[in-house]
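The chain contents come next:
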Amino acid sequence: MSPWLAGSIWATTQLIPSPLLVIGDHHVGGGLGWQLTPVLYSFGIAERPLRTFFVSPIARHSGSVELHVSPEWACCAPGGATSWLVRAGLRLYLPLIEHGEELSWSLGASYYRAAGGGGASADLGIYSFNGVLGLNVTVSPWLTRRELIAALTIRYF
Amino acid sequence: MRIWPVFVLASCLASSGCFPWRALQRNLSAPAERAVAHRIRDPRRPEARLAALWVGHATVLLQMDDLFVLTDPVFSHTLAQASKRLVEPGFDAANLPPLAAVVVSHMHFDHLSFSSLDLVETRTKVVLVPPGIRSNMPRYSFEIRELSRWQVYEKDGLRVSAVPVQHVGGRYGIDAAFETQAFTGYVFEYHGISVYFGGDTAYNPEDFELTRQHFPNLSLALLPICPNAPRGFMEHTHENPAQALDAFTLLGAKQMIPIHFDTYINSDDAFGACPAQLGREMRSRGLSAPQVSILGIGEQRVLIPR
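Residue numbers (the working numbering), protein chains in the order written: chain A, -5 to 151; chain B, 8 to 313.
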């Protein structure tokens, strides 16, 4: 496989969205989320701790802090309204099993911007299968109509 | 819209016609790990100048006179949460003696196990790896030293040289495209004894001939013989039993021990198929023990007595 093809596959996989469950005060809806990692510092890896965008699972899940940018699209709530949100934040990953390749968890804080304004969020996640699958719960107590977002995270690198 | 990928995927899943799906099915229905009847507790053999203990897969504990070397330590019960172990490790890592060196041939899950390196962390001061692996390994207390092809690590009379093999790097799929040098074989030399460790390799006569030119008096060759099937999928990265014997001849080693079979489910090979095929090939070529010794998992063999 050529590096160009591998890079194309990586770029394509970044387009695969993570399904969201959006739970507000008076509604339950769905959505899709994506994530990019402009910068990650891995304190669990033996060499080259600073990574940008293309981050191997062991660098992230053996212990790291990342700056992430996450566009999210909420839909399907009663009433039919859809909306976009962009989130940027810091997330700490810590390993649990097999240096994080089999199981790791995360704790994060982010700032979001949406049509209705912005605010702060906190998130807690757990990941397995080299970080390909995970469950991440984000609480945004000050955002109208989006109190809690549960994401089945899907990420390849 | 192109929909042929959907048909390919659907037919693959429906007919068991694709290898990854068959491997998944075999792993889901895998029997419990077979126990090893008599696991050796103390691997020191005072009567041996060279002894080899096959822990399973590519994990071999070598005794060369008074020192020990461990290859590709993998004591895991599953690989990547998918591939199940068929036979328990033939040696308890808790009983490992102090190791002069540990080598890792490449970073596929069946050769580089992070939890297994945790088990050897207090037994060794150095783990030798090919280029590109250190940035894909967690922190440990031992030194992780990268050796490029023909580079040598030397300490207290032990020389470890990185030698060429034909395989593929990476760990998670697409990273193979960027880790183009991240696989190797090794030759260990100590007190006039020399051992070749092939790790995981396809049959490439040029690699074996070059290694023989550099190391014309190999005492032992540890050569992978599996996975074999499906051959079209495996042939570019794995030699089969007949090719392993060809490699043994090209290397000019005095003895050979086959490795890399009957430990994990990572192919279409039935349990026992690879050593059986090796046995047939040996008979057709007039080879037998001690030239080629097929060890059971957990078995230790003295190859050069004192």
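It should be emphasised that the hints constitute simulated quantities derived from the structure, not laboratory data.
Keep in mind that the hints are not guaranteed to be accurate.
Okay, derived cross-link-like pairs now, SDA-like style, lysine to any residue, Cα gap no bigger than 25 Å in a straight line [stated by the list, open to error]:
{"id": "1", "chain 1": "B", "residue 1": "K162", "chain 2": "A", "residue 2": "A40"}
{"id": "2", "chain 1": "B", "residue 1": "K132", "chain 2": "A", "residue 2": "Y150"}
{"id": "3", "chain 1": "B", "residue 1": "K132", "chain 2": "A", "residue 2": "P43"}
{"id": "4", "chain 1": "B", "residue 1": "K132", "chain 2": "A", "residue 2": "F37"}
{"id": "5", "chain 1": "B", "residue 1": "K91", "chain 2": "A", "residue 2": "E41"}
{"id": "6", "chain 1": "B", "residue 1": "K162", "chain 2": "B", "residue 2": "E213"}
{"id": "7", "chain 1": "B", "residue 1": "K91", "chain 2": "A", "residue 2": "Y150"}
{"id": "8", "chain 1": "B", "residue 1": "K132", "chain 2": "A", "residue 2": "S122"}
Comparing the hints with the structure gives:
no.: 1; hint: B:K162 x A:A40; in the structure: holds (23 Å)
no.: 2; hint: B:K132 x A:Y150; in the structure: violated (34 Å)
no.: 3; hint: B:K132 x A:P43; in the structure: holds (22 Å)
no.: 4; hint: B:K132 x A:F37; in the structure: holds (21 Å)
no.: 5; hint: B:K91 x A:E41; in the structure: violated (30 Å)
no.: 6; hint: B:K162 x B:E213; in the structure: violated (29 Å)
no.: 7; hint: B:K91 x A:Y150; in the structure: holds (23 Å)
no.: 8; hint: B:K132 x A:S122; in the structure: violated (31 Å)
Going down the numbered hints, you'll see the structure goes against 2, 5, 6 and 8, while the others check out.
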